[in-house]
Amino acid sequence: MPDTATAHEASAAAARRRSPTALPRSFVWTRRIVLTLLAVFTATPLYVMVSSSLKPLEEVSGAFRWIPSELTLEPYRDIWRTVPLGRYFLNSLIVSASATACSVVVAVFAAYAVSRYRFRGRQVFTVTVLSTQMFPGILFLLPLFLLFVNVGNATGLALYGSRGALILTYMTFTLPLSVWMLAGYFASIPRDLDEAALVDGCGPLGALFRVLVPAAVPGIIAVTVYSFMTAWGEVLFASVMTNDATRTLSIGLQGYATQTEVYWNQVMAASLVVSVPVVAGFLLLQRYLVAGLTAGAVK
Amino acid sequence: MTRAVTADSAPRTPAPPAGDTARRPTRAAADRIPAPAPEHPPAGPGRPAPPRAKRPAAGSPLRDRVRSAGLPYLLLLPALALELLIHLVPMATGIVMAFKDLTQEYISDWSAAPWAGPDNFRVAVDFDAPVGEALLRSFAVTCGFTVLAVGLSWLLGVTAAILMQDAFRGRGLLRALFLTPYALPVYAAVITWSFLLQHDNGLLNHVLHDQLGLTDSKPFWLVGDNSFVALLLVAVWRTWPFAFLLLTAALQNVSADLYEASALDGAGMWRQIRHITLPALRPVNQVLVLVLFLWTFNDFNVPFVLFGKSAPQSADLVSLHIYQSSFVTWDFGAGAAMSVLLLLFLLLVTAGYLLLTNRGRGAADA
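Note that the protein sequences, when read in sequence, are chains H and C. Going by UniProt numbering, the first sequence opens with residue 1, and the numbers climb by one from there. Going by UniProt numbering, the second sequence opens with residue 1, and the numbers climb by one from there.
Because the hints were derived from the structure by calculation, they are not lab data. Any given hint could be a false lead.
To be verified - Capping the alpha-carbon separation at 25 Å, the derived lysine to any residue pairs in SDA-like fashion look like this:
1. C:K309 - H:S61
2. C:K309 - H:N243
3. C:K309 - H:G161
4. C:K218 - H:P56
5. C:K309 - C:T329
6. C:K309 - C:G170
7. C:K218 - H:F41
8. C:K309 - H:T246
9. C:K309 - H:L147
10. C:K218 - H:S61
11. C:K218 - H:A245
12. C:K309 - H:A245
13. C:K218 - H:A257
14. C:K309 - C:N285
15. C:K309 - H:L159
16. C:K218 - H:P68
17. C:K309 - H:R163
18. C:K309 - H:S162
19. C:K218 - H:S51
20. C:K218 - H:R65
21. C:K218 - H:A63
Based on the provided sequences and hints, a complete structural model is requested.
Written out as structure tokens, the structure is:
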């Protein structure tokens with residue numbers, strides 16, 4: 001198979017680099033074999049997820065079959081009834097979207113300050129944000145749990161188990177992540193741009209919103225997608241901080257297992273349904289994401 | 001798991017030029033960092049660029065100065081307040097908790113819990129007693145798991161990134177496929193794996209036992225010693241795409257001239273990989289390995305979804321262990337003490353790693 005240069009523009013440089021014929025045979029064969037193995041490794045669970053979600057229950061309970069003997073869409077109907085999946089979906093959506101939105105808005109201001117001004121305490125702030133982001137979630141879980149329970153008792157507010165409390169806990173990871181990525185992205189935008197706006201009489205906020213934010217749209221998209229994905233997949237906090245009414249998908253999906261039986265076909269169907277929005281978003285915005293990541297991280 | 005993703009993006013962020021605050025320690029007022037080049041974009045004809053001081057907003061010089069000094073703090077205020085609320089207060093609380101005898105009866109009124117002094121720590125590191133012994137074993141398992149998972153993820157990531165550097169038919173599709181495990185919500189991916197690893201109706205046993213006949217009987221993957229292998233398999237499947245993503249991005253920044261020059265010198269493909277590609281990846285590797293380490297070492301999601309609240313001993317990662325020590329036995333004091341120890345360990349390793357790799361890099365550059 002001759003290698004055609006139908007490449008992504010991102011790899012234009014790589015394509016220009018060597019003419020396809022210059023690749024040694026040993027390299028081409030290594031590439032074929034290794035990439036095939038990796039593709040099989042990656043795709044097998046995905047295939048199982050899709051194929052099993054289309055099988056009747058008897059077939060996922062017995063010995064595994066590669067090819068379904070019959071296809072059914074019933075699991076996709078049943079998932080909404082076996083557990084209140086719709087409610088879990090809504091909870092996940094509210095919590096992830098709120099945590100992401102709050103973080104990104106707050107981070108825009110913080111990143112502006114950090115990337116455009118020098119002031120006392122800036123380094124302390126950036127180091128704090130950086131290090132809190134590396135700490136394990138379990139470190140924050142116990143105290144936050146305790147604080148919510150105790151503050152709730154003292155004030156009579158039902159904090160523990162509420163969506164608001166969960167949103168706040170999710171910000172323990174979405175906020176530092178957003179501040180860092182955005183500060184990196186802002187720093188990669190030439191200062192002349194907003195400097196000119198200041199000179200033209202915009203206030204600092206005008207420079208931020210009329211110049212810097214529009215220029216940073218790819219970075220903001222990347223941060224939003226990233227935060228949302230992270231929050232959508234979060235398990236640790238959700239396992240402790242939610243109750244029946246506020247349960248999110250990450251914990252709710254365990255409801256397809258009863259004492260005696262697991263509805264594997266429904267588990268797979270539900271997994272697929274909850275994955276589609278984020279995977280689609282990720283793959284569609286992959287380019288922005290890589291741009292945002294590299295502005296923040298790699299360079 | 002994803003939370004650390006960004007930890008990665010973080011460390012190398014081209015943070016504002018370091019030290020510019022330090023250079024002017026006496027100056028209280030905040031300065032806008034000047035653009036590197038003094039010339040402003042050409043002002044249009046008939047619109048001479050006014051000097052900055054004549055900005056329309058200017059009030060009295062003093063008020064202006066105070067306002068501009070306060071501005072960055074004002075911008076930071078929401079972030080600072082939240083940082084305080086969600087990070088600093090809980091961390092301080094966590095440290096206090098570690099010195100309290102905080103068992104179930106005190107959870108709803110924690111200030112009433114008696115002080116325990118260093119008892120919680122003493123119990124946690126008393127390796128002859130059951131609690132300390134279990135913690136030590138969990139720590140050892142986590143270390144072994146981390147080394148293997150990070151090593152394998154990096155290896156797969158770098159291999160795929162290098163092999164996919166040159167265009168070939170279907171590359172875009174393959175890249176999307178490789179990134180999918182990383183984009184999936186953790187729990188959806190891990191639940192799928194737990195189905196694959198089921199004893200009776202799982203794919204793995206079907207292939208190993210029924211189809212290939214490699215084992216005499218179907219092994220259990222989610223209990224007993226095999227669970228370590230299962231955990232490793234799932235973790236690598238989920239983690240390597242991230243290494244791939246970051247390394248692919250890094251490879252796009254390697255100058256094509258380098259390859260052309262070395263090709264003129266007669267360097268073959270494999271030599272180019274060894275002498276150009278791999279060295280070019282060094283700075284990214286430094287961050288990547290650290291981030292993968294922190295993620296993997298702290299991983300809670302994968303073992304929790306795979307095994308439930310109490311993992312088999314051979315796959316009892318330390319985050320899950322602390323979780324279990326806290327929420328299954330409701331001994332928050334012990335859990336908090338273990339968290340503090342974990343934090344100290346992570347700080348130590350991170351600092352040591354950065355020192356070591358920075359020095360190594362400095363020596364290599366010299």
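Here is how each hint holds up against the structure:
1. C:K309 - H:S61: Judged against 25 Å, a Cα distance of about 24 Å means the pair holds.
2. C:K309 - H:N243: holds (17 Å)
3. C:K309 - H:G161: holds (19 Å)
4. C:K218 - H:P56: Holds - the C-alpha atoms of P56 (chain H) and K218 (chain C) are around 24 Å apart, at most 25 Å.
5. C:K309 - C:T329: Measuring from Cα to Cα gives roughly 12 Å; hence the hint holds.
6. C:K309 - C:G170: violated (42 Å)
7. C:K218 - H:F41: Answer holds: K218 (chain C) to F41 (chain H) is near 21 Å, not above 25 Å.
8. C:K309 - H:T246: holds (20 Å)
9. C:K309 - H:L147: holds (23 Å)
10. C:K218 - H:S61: holds (16 Å)
11. C:K218 - H:A245: violated (40 Å)
12. C:K309 - H:A245: holds (21 Å)
13. C:K218 - H:A257: This hinted pair holds, its Cα atoms lying about 22 Å apart.
14. C:K309 - C:N285: Since the Cα atoms of K309 (chain C) and N285 (chain C) sit roughly 34 Å apart, the hinted pair is violated (cutoff 25 Å).
15. C:K309 - H:L159: Within the cut-off at roughly 24 Å; holds.
16. C:K218 - H:P68: Given pair K218 (chain C), P68 (chain H) holds - Cα atoms ~22 Å apart, limit 25 Å.
17. C:K309 - H:R163: Holds - the C-alpha atoms of R163 (chain H) and K309 (chain C) are around 23 Å apart, at most 25 Å.
18. C:K309 - H:S162: holds (22 Å)
19. C:K218 - H:S51: The given pair, whose Cα atoms are some 23 Å apart, holds under the 25 Å limit.
20. C:K218 - H:R65: holds (16 Å)
21. C:K218 - H:A63: holds (12 Å)
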